[in-house]
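Note that the protein sequences, when read in sequence, are chains F and H. To convert, note that position 177 of the first sequence is 184 in the numbering used here; the numbers rise steadily by one, no gaps. To convert, note that position 17 of the second sequence is 46 in the numbering used here; the numbers rise steadily by one, no gaps.
It should be emphasised that the hints constitute simulated quantities derived from the structure, not laboratory data. Since the model is a prediction, treat every value here as computed from it, not as a measurement. Be aware that one or more of the hints could be misleading.
[To be verified] DMTMM-like cross-link-like pairs, simulated, lysine to aspartate or glutamate; straight-line CA separation at most 20 Å:
1) F/10 to H/98
2) F/148 to H/67
3) F/209 to H/115
4) F/22 to F/194
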Amino acid sequence: MDKFRVLDLLQLDLKENDALNLKCIGGRPGLIREIKVPEINRPGLALSGFFDNFAYQRIQILGRGETAYLNKLERENERVTLKKFFDYDIPCCVFTSNLRPNDIFMEIAEEAECPVLQTDLTSSEFTPRIMRVLSNVFAPKKLMHGVLVEVFGIGILIIGESGVGKSETALELIERGHRLVADDVVEIRRVSGNILMGKGAKVVSHHMEIRGLGIINITHLFGVGAIRDKKQIQLVVHLEDWDSNKEYDRIGSEESTMDILGVNVPYLLIPVRPGRNIPIIIETAAMNERLKKMGYYSAKEFNKNVMKWLESESVRAAFLDDVK
Amino acid sequence: MVERDVVIKNRAGIHARPAALIVKTANEFKSQIFFEKDGERVNAKSIMGIITLGATYKTPLKVIAEGEDEEAAVNAIAELFERKFEEE
């Protein structure tokens with residue numbers, strides 16, 4: 008992964024209850040400092056002069072308590088501890104609840120070129136948010152070539168060779184009322200253990216390249232209802248040109264999975280041939296996936312019924328034999 | 030597998046037109062062709078993929094090809110970078 012700097016934290020595109028509302032109020036040159044760990048620290052002890060086990064590599068969060076203490080230090084004109092505090096390679100200090108540190112603090116931070124950030128959120132609100140944001144940033148990540156769509160609420164990653172018709176399939180799904188998350192390049196992160204979150208790259212998000220048309224903007228053409236920013240990947244559909252020598256799954260009772268970042272995702276290999284309506288097959292796959300989540304496996308249930316029927320037939324045959 | 034380091038020499042970086050040119054060239058080969066930047070890999074046969082790289086002037090990239098005509102593919106792509114995508 009590229010270095011994640013304080014500047015990158017400020018530039019993250021976060022919305023609604025992920026928003027951090029951070030702004031830089033001092034120590035601007037230090038914005039190039041790197042955030043190395045997805046953790047935070049309340050530096051109360053360090054400010055009071057106790058530096059043993061000081062977790063300086065973490066983002067330092069200062070709330071009302073710390074700010075009040077800093078003001079006490081200012082009244083006593085005490086600079087030594089603060090100087091020592093900033094001798095550590097701290098990524099940045101964040102003041103919550105729109106608190107503003109006093110001039111001495113700002114002056115020493117400025118000297119040390121340590122960025123001082125401010126947010127309007129309270130400490131208790133800011134802390135879980137930043138933890139969530141950092142754990143996403145530091146989550147294992149990978150780019151995949153494919154199209155991510157949401158069909159009947161199921162996040163489906165369509166993969167396959169260039170030119171197999173992934174984008175065209177997605178376009179028809181959008182036309183049928185489903186949603187586009189990302190075309191061509193899908194950025195996947197493994198969050199909270201085993202959830203694969205997929206989204207598009209910022210610049211090209213919600214644009215598609217359709218051979219013969221060029222680049223089109225899905226939001227403008229189909230409206231905001233046709234797009235989604237991110238979605239969990241719950242099914243992988245692999246499109247490939249029909250290979251007559253290959254056996255394709257005809258029953259569907261065996262489930263294959265695909266390993267993405269160590270998570271096994273249900274996987275379907277679907278052969279493409281002129282005249283096969285792939286979007287409808289994908290819609291059906293999505294509904295089938297929902298049934299499975301509800302505990303109903305079409306193929307297994309079907310086979311169970313067949314077995315039951317065969318059994319009753321054989322009992323009947325045996326009975327008829329006996330009677331004779 | 031053949032790998033080669035290339036650098037972007039045109040001022041504007043890889044925008045839509047160079048991306049289309051790269052894709053066109055890449056599609057002339059059977060090999061799978063990729064670009065790698067900061068450990069992230071994208072398909073060189075995908076316009077969106079290439080634009081996503083956000084490759085600006087002087088950005089170093091790695092071209093990777095795998096397949097029967099890998100050598101020729103890497104040569105052809107590297108050649109485009111040398112010619113500044115026929116810009117300037």
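Quick rundown of the hints versus the structure:
no.	hint	result
1	F/10 to H/98	violated, 35 Å
2	F/148 to H/67	holds, 13 Å
3	F/209 to H/115	violated, 27 Å
4	F/22 to F/194	holds, 18 Å
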